[in-house]
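Chains as they are written, first to last, in our numbering: chain L, 103 to 604; chain E, -18 to 125.
The hints are simulated quantities; they were obtained by calculation from the structure and are not laboratory data. Please read all numbers here as calculations on a predicted model, not as lab measurements. Careful: at least some of the hints might be erroneous.
[Stated by the list, open to error] Cβ-Cβ distance ranges computed for the label pairs, FRET-style: (1) L:D205 <-> E:K17: 17 to 27 angstroms; (2) L:L397 <-> E:S95: 53 to 63 angstroms; (3) L:T109 <-> E:T1: 54 to 64 angstroms; (4) L:N297 <-> E:V77: 52 to 62 angstroms; (5) L:D186 <-> E:S95: 19 to 29 angstroms; (6) L:T109 <-> E:P60: 44 to 54 angstroms; (7) E:P60 <-> L:R452: 51 to 61 angstroms; (8) E:E18 <-> L:T293: 44 to 54 angstroms; (9) E:P74 <-> L:S259: 58 to 68 angstroms; (10) L:E159 <-> E:T1: 38 to 48 angstroms; (11) L:T109 <-> E:E18: 40 to 50 angstroms.
[Stated by the list, open to error] Residues of chain L clear of chain E, computed beta-carbon distances all greater than 12 angstroms: (12) K107; (13) S118; (14) E159; (15) S210; (16) Q252; (17) W261; (18) F281; (19) T293; (20) V299; (21) Q311; (22) G316; (23) R349; (24) E532; (25) D557.
Glycine included, C-beta positions come from ideal geometry on N, C-alpha and C.
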Amino acid sequence: MTIPKATIRRLSTGVSGLDEVLGGGLPEFSFNLIGGSPGSGKTTLAHQIMFALASAERPALYFTVLGEPPLKMLRYQQQFDFFDHERVNQCVHFLYLADRLGDGGLDSVLTAVFEAVARVKPALVFVDSFRSVTTGRHDASGADLQQFIQQLSVMMSNWEATTFLIGEYASQDETNPVFTVADGLIWLYQTSQGNSVARKIDVRKMRGQRTVPGLHTFRITSEGISVFAPPRVLETEPPKRARTTPRARVAMGNAILDEMLGGGLPEGYSLLVAGPSGAGKSILAAAFLAEGARLGETAVIALFEQRATFARGAFIAGLIEAGQVGVVDTGAADLSVDEVAGLLIAEVKRLNASRVVIDSLSGFELALAPTFSADFRESLSRLIVALARTGATVLMTSEMEDRYDELRFSPYGSAFMTDAIVILRYIEVESRLKRVLAVVKVRGSAHSDELRLFDIDEHGIQIGASMPEHEGLLGGRPRRVTDVAALSDVRGRDVANPVEHL
Amino acid sequence: MTSRSIADRIHARLAELAETSSVIPAIPDTAVAYWKEIHLRLGQVIGERAVEALYNRSLRRTRDQYPSLPEGQTRPDGPADFAALGAALASQPNAVALEAHSALLHTFVNHLASLIGAGLVERIFSSIASSTNELAAPDRGRLK
Chain L
103 MTIPKATIRR LSTGVSGLDE VLGGGLPEFS FNLIGGSPGS GKTTLAHQIM
153 FALASAERPA LYFTVLGEPP LKMLRYQQQF DFFDHERVNQ CVHFLYLADR
203 LGDGGLDSVL TAVFEAVARV KPALVFVDSF RSVTTGRHDA SGADLQQFIQ
253 QLSVMMSNWE ATTFLIGEYA SQDETNPVFT VADGLIWLYQ TSQGNSVARK
303 IDVRKMRGQR TVPGLHTFRI TSEGISVFAP PRVLETEPPK RARTTPRARV
353 AMGNAILDEM LGGGLPEGYS LLVAGPSGAG KSILAAAFLA EGARLGETAV
403 IALFEQRATF ARGAFIAGLI EAGQVGVVDT GAADLSVDEV AGLLIAEVKR
453 LNASRVVIDS LSGFELALAP TFSADFRESL SRLIVALART GATVLMTSEM
503 EDRYDELRFS PYGSAFMTDA IVILRYIEVE SRLKRVLAVV KVRGSAHSDE
553 LRLFDIDEHG IQIGASMPEH EGLLGGRPRR VTDVAALSDV RGRDVANPVE
603 HL
Chain E
-18 MTSRSIADRI HARLAELAET SSVIPAIPDT AVAYWKEIHL RLGQVIGERA
32 VEALYNRSLR RTRDQYPSLP EGQTRPDGPA DFAALGAALA SQPNAVALEA
82 HSALLHTFVN HLASLIGAGL VERIFSSIAS STNELAAPDR GRLK
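Given these sequences and hints, build the entire structure.
And the structure:
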């Protein structure tokens, strides 16, 4: 006979993305510290959790001790959507204790807390806030803050209350006894760089469960706090088994390109379309979306360079209007890759989308807060993996200026991240600016190695012939092959001067 | 129900008291009891000093129109002297006392609503109103 273990119920915080970072929610009856500098969002986080969890069966008690004056706190917190004043004095109770602190010190505060807890019988207790926990300051009555927290922790655990202590802790000194007492340590950060502000959350500890380590970005809007967990955490489906059958092919909306790709893009692949400005990357992406729509598929697009309603004319706008193409809002300032990843994956799931377009990675990088640009490549890699797990086929465009002194097929060193690459280039032929495209890579598949001329007209991209009579197109010094014998043998051979410079 | 209506309800109870009670200090006593309850209940939420500051400011603003009201504390967060309010109301005829008190209460409630919103004021005051029902009821025995 086995003796049953204690069951720890996990409470959903009501903060988008936080439960995932916490490892499944907040352990019931846990004693948690929410720390961070002024303005980092501690009080907002506490209120959002409180209003999400409080109910008639689970009343909440919010003590204000040394935090912002309650008049201000209530004034500003009620601006958030989660603040429901109908529940104040019903299942959400506020109690001001700063006067007690002044009158009788922490002993008096502790007594008031216990009296209120005995009266209200809360399942959730919030104490906002203490600034000096890490200094170990003693108050006049001899009860220091650490003792206070220790006693509070024991009391609340016995009361079976999930408790939050909110404070402007100066550091995360892990040797601080207070941090040992706590079951959970949640730290909020706010960093500024230029005109950019980035907010990050770090769950340093959550006893009894496996959290997602590291700093995770979050945003505060009128809806409250949204945490952007890394995309791999958001993905709940088990990874697909090793494939034993060939992937189905996805039509790109251009029969010749499909042919060049070896019969279309393998399903679930990520394709990078790289090229200079105006070369036709977005038009290729639009054809990809339109083809999906024609086949009855749904798609998601993240636009960083053009507004959705203006992009590629009325047809795509119509698909967006009809709900066949979902648009991820990328207009917010100081984005992070994880935020965009979360939005994309949520939209893919909502629409059960089979196609995703990110137009463009260059605009994406520019939209990021500077603090996130440094690890853009790593974050992008996570994003691509996460999108691949949704099963959607992904097309990303990327600005890449033409360079004729080196052969590059992708920016950011991202070539290895994607399964397929198509490049677009400008070339000069007979004093005309022409466009060519080539399939650089399709993982695990045969594909064309031709450079094909293409034009853009009102129907999109029209792919033309290859240019066997020319070589050196990508090197900036195109030459016409004049020797007929050499022409038939031009590929890969060093013909003794069979060309003339154009 | 708006925040104004809660002040109206208190005023209506005081008016009812004025009509039904034969006890002279019924209105001042009940008004003071209300303010003590407001001080206690609202003070638990926003702090007693914040309530006192609001009360003193409301007195100063209302006194322009009703000079019979006490001056209130010079310091905005000085302790609220509800006894002085009671004495001032007692010195006036019932109708005048009722009107002055109503103006004071409305000023206070509206000022608070401008800070924390009418909805939240309503929620907080509803508990005050319910807890003071007995005080407002025309129970002469309690008022003596």
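Cross-check of the supplied hints:
| no. | hint | in the structure |
| --- | --- | --- |
| 1 | L:D205 <-> E:K17: 17 to 27 angstroms | holds, 19 angstroms |
| 2 | L:L397 <-> E:S95: 53 to 63 angstroms | holds, 58 angstroms |
| 3 | L:T109 <-> E:T1: 54 to 64 angstroms | holds, 59 angstroms |
| 4 | L:N297 <-> E:V77: 52 to 62 angstroms | holds, 59 angstroms |
| 5 | L:D186 <-> E:S95: 19 to 29 angstroms | holds, 20 angstroms |
| 6 | L:T109 <-> E:P60: 44 to 54 angstroms | holds, 51 angstroms |
| 7 | E:P60 <-> L:R452: 51 to 61 angstroms | holds, 58 angstroms |
| 8 | E:E18 <-> L:T293: 44 to 54 angstroms | holds, 47 angstroms |
| 9 | E:P74 <-> L:S259: 58 to 68 angstroms | holds, 60 angstroms |
| 10 | L:E159 <-> E:T1: 38 to 48 angstroms | holds, 42 angstroms |
| 11 | L:T109 <-> E:E18: 40 to 50 angstroms | holds, 44 angstroms |
| 12 | K107 | holds, 41 angstroms |
| 13 | S118 | holds, 25 angstroms |
| 14 | E159 | holds, 20 angstroms |
| 15 | S210 | holds, 14 angstroms |
| 16 | Q252 | holds, 26 angstroms |
| 17 | W261 | holds, 20 angstroms |
| 18 | F281 | holds, 30 angstroms |
| 19 | T293 | holds, 32 angstroms |
| 20 | V299 | holds, 27 angstroms |
| 21 | Q311 | holds, 34 angstroms |
| 22 | G316 | holds, 38 angstroms |
| 23 | R349 | holds, 56 angstroms |
| 24 | E532 | holds, 73 angstroms |
| 25 | D557 | holds, 62 angstroms |
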